[in-house]
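Visitor: Here is how the chains run, residue by residue.
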Amino acid sequence: MSNDLQQSERFQAPKERRDFLGLAALWSAAVALGVATLGAMRLPMPSVFPESNSRVKLGPLPSFLASSMTPIPEHRLWIYADKAGLYAISAICTHLGCIVTNGGEKGFHCPCHGSRFDVQGQVTQGPAPKPLMYLQLRVSPDGQLVVDKQAEVGADVRLKV
Amino acid sequence: MVTDTKESRQEPEQGAPANGQPQSAIQRYLKNLRSVPRSFRDSLIRHGRPTSDRAASQAVFTNFFLHIMPTRIHRYSMRIRATWGLGIITLVLFLLLTATGIPLMIYYKPSIDQAYDSMKEIHYIVPTGRFVRNIHRWGAHAMVAMVMLHMARAFYTAAYKGARQFNWVVGMLLFVLTLALSFTGYLLPWDQLAFWAVTIGSEIAQSPRELTDALGITDWCDIGGFQKRLLLGANQVGQEALIRFYLLHVMVLPLMTAVLLGVHFWRIRKDGGLTRPAYTDALPATGSSGANGSANALESSPAMRPSRTYGLMAVVRGKTPAVDRAMANTVPTYPGALYAIAALTMLTLAAMLALGYYYDAPLKEMANPAVPENPAKAPWYFLGLQELVSYSAFMGGVGIPAIVVLGLMCVPYLDRDEEDVGIWFGGSLGKWICLLTAIVTAVVVIGMLIFTVQYGWLRSWFPGIPQIVITLVNPGTVLLVVFMAWSLGITKATNSTRMGALAVFTCFLIAFVILTYFATVHRGPNWDFYWSQDQWPTH
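Quick mapping for you: the protein sequence lines, in order, are chains A and B.
The opening residue of the first sequence carries number 0 in numbering that gives the first Met the number 0; numbering runs sequentially from there.
The opening residue of the second sequence carries number 0 in numbering that gives the first Met the number 0; numbering runs sequentially from there.
Calculated from the structure, these hints are not laboratory results.
Hints may contain errors.
When the alpha-carbon atoms are kept at most 20 Å apart in a straight line, the in silico SDA-like pairs for lysine to any residue are as follows [said to hold, decoys possible]:
id	chain 1	residue 1	chain 2	residue 2
1	A	Lys105	B	Pro536
2	A	Lys129	B	Trp460
3	A	Lys105	B	Ser459
4	B	Lys363	B	Glu120
So, partial list: chain B residues that the calculated Cβ filter (under 10 Å) puts toward chain A [unchecked claim]:
id	residue
5	Ile203
6	Pro374
7	Glu386
Even glycine gets a Cβ: it sits at the ideal position worked out from N, Cα and C.
Throw the hints in and build the complete structure from the sequences for me.
Guide: Below is the structure:
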């Protein structure tokens with residue numbers, strides 16, 4: 000029964016030219032939809048992201064020289080002082096962004112997925128792919144310590160005082 | 000079929016002489032006015048009382064809300080063990096979550112300064128607010144669990160074969176949507192759980208950098224960074240992220256879920272109804288099957304004789320229904336199946352109301368970007384993933400979940416033998432295979448966990464090892480390779496793709512259960528191993 004129907008005139012294959020026009024219509028509709036969708040997809044990615052200044056003043060320089068380690072919890076970092084000068088280690092775990100705890104001599108521990116770092120911030124265990132970030136330190140003209148939370152520096156860089 | 004249904008309540012022709020005297024327009028108007036309730040009811044319900052099989056069929060057929068169901072349903076499908084009602088329970092939970100979610104939107108404010116306070120307001124000030132939020136939270140947990148059980152039921156009864164291939168894919172998409180709805184839901188309160196879940200979630204979206212960094216192409220092909228910024232609308236977690244997740248949770252994901260649910264149900268009808276074993280169609284008609292009258296009487300009744308319903312089948316391809324046997328062994332959907340659905344609805348509602356009444360939904364401390372909880376644990380359904388993520392961010396958070404979901408989506412196209420459709424575990428051999436696979440998986444997963452806890456992994460032995468090696472070779476990927484090898488071995492040994500499919504699904508299921516249990520019970524502060532929570536260090 001279905002064969003009869005397919006062989007009847009209504010079910011004959013369309014002529015080639017009609018096929019072309021039909022395909023052209025379908026494809027142009029598809030392309031129009033696709034381009035419109037792509038254009039709309041541009042909307043959720045703004046040209047400028049809302050951000051606060053990554054450089055922050057932490058306080059007068061001498062206060063950080065008094066102790067070998069000063070925690071700055073609101074900016075999620077520690078300021079260290081050694082003989083060569085000052086350096087800052089970020090507390091943000093390089094694995095998935097949790098805040099590591101500072102165990103002093105025992106190094107750093109991440110509470111979320113168990114990454115461990117030694118006192119220098121090098122990965123010793125767990126899933127973290129990179130060492131903890133060392134952040135750039137500067138001194139502002141008014142004598143305050145300034146950290147740039149997005150500028151990474153080498154682990155041997157010190158702010159000489 | 001539909002034309003002469005109102006014979007019992009047919010009104011006299013309007014305007015015709017009722018007693019030989021022509022009526023005036025005013026008289027007809029008054030008469031119509033008096034009969035408004037009745038004629039409205041007739042226009043609303045266009046069939047007689049569902050006392051006969053035929054009227055029962057029409058009750059389903061002519062009702063917008065019921066017409067997605069067949070007018071008659073196979074007796075086998077009415078058995079509890081055919082489906083365990085899991086799909087219906089999931090649907091009820093979805094509707095319950097919609098019904099409780101909309102009132103919560105009255106008070107919830109998607110702002111990082113006010114979200115947490117509005118949760119407190121809902122909990123302490125809004126009448127029934129606490130109850131409604133509790134139901135919403137427990138309903139979400141239950142829906143995730145029920146989707147998983149429904150998936151297991153569909154898999155173990157081979158409900159993904161033949162015409163049902165695509166509906167399995169739709170079901171997998173609904174599973175992913177359910178998880179996405181849960182995830183976007185629990186970060187709205189902007190408590191500690193929410194904040195750190197958004198942080199970790201967006202970092203997982205960024206984790207393809209683990210690969211692109213290793214290949215040195217991050218500078219011009221930063222898929223990870225793009226995904227993170229698309230989710231957060233910023234470079235860090237903040238107001239933009241909360242608005243985006245709120246929009247996803249209350250608008251985008253529910254709409255997608257509703258549309259796919261419609262497709263899912265429609266395909267059940269179009270794909271031949273609920274899965275049942277082939278032998279059930281060949282069974283001789285037995286016993287009383289209708290609301291009144293036996294199956295044989297039913298088949299001989301002219302009303303139920305297949306007529307033009309099958310007309311379309313002549314011009315479309317595919318299997319034609321068994322016309323002679325179609326009516327045997329079926330019962331009217333109205334009222335039997337409706338009673339079953341109503342019972343499941345009541346059971347689900349009762350369970351959710353009881354949970355919501357006695358147990359408060361968790362609300363942690365207000366989000367604190369300086370200190371995560373220790374340990375910071377996701378809800379139970381993500382804890383297995385959290386364990387995998389603690390081996391490698393990219394593999395645990397993106398790679399392995401993608402492989403599992405895409406792999407399961409492909410199963411219907413790889414395993415096509417249709418002999419055991421509708422038979423739990425594919426018969427007695429399948430039961431043994433599933434049991435054996437479950438034991439082997441348990442041994443392998445537990446062994447791997449013990450090994451990892453005891454001896455660590457590559458970085459503990461080779462501190463300088465490149466990250467790409469750990470990304471590719473970690474306990475998660477090793478387990479995945481073992482499962483693949485096991486199921487291919489089963490396929491070869493039994494010479495059956497169905498047995499291989501059963502093996503691979505059982506591997507995933509048992510591994511999920513064990514990893515979830517392990518991360519729930521045995522992971523403590525700093526994600527260290529503890530036998531129980533009593534051993535956690537106190538501060």
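Visitor: Given isoleucine 203 of chain B as an interface hint, is its Cβ closer than 10 Å to any Cβ of chain A?
Guide: holds (6 Å)
Visitor: For the pair supplied as a hint, lysine 105 of chain A and proline 536 of chain B, confirm whether the alpha-carbon distance does not exceed 20 Å.
Guide: holds (16 Å)
Visitor: Does proline 374 of chain B meet its interface restraint, that is, does its C-beta lie within less than 10 Å of any C-beta in chain A?
Guide: This hint holds: proline 374 of chain B lies near chain A, its Cβ roughly 6 Å from the closest one there, short of 10 Å.
Visitor: Is the Cα-Cα distance between lysine 129 of chain A and tryptophan 460 of chain B 20 Å or less?
Guide: Answer holds: lysine 129 of chain A to tryptophan 460 of chain B is near 17 Å, not above 20 Å.
Visitor: Is the straight-line distance between the alpha-carbon of lysine 105 of chain A and that of serine 459 of chain B 20 Å or less?
Guide: Holds. Lysine 105 of chain A to serine 459 of chain B sits at ~16 Å (cutoff 20 Å).
Visitor: Against the 20 Å threshold, does the CA-CA distance of lysine 363 of chain B and glutamate 120 of chain B hold or violate the hint?
Guide: Satisfied, since the Cα-Cα distance of roughly 15 Å is no more than 20 Å.
Visitor: Hint check: is the beta carbon of glutamate 386 of chain B less than 10 Å from a beta carbon of chain A?
Guide: At 9 Å from the nearest chain A Cβ, glutamate 386 of chain B passes the 10 Å test, so the hint holds.
The structure fails none of the hints (numbered hints given earlier).
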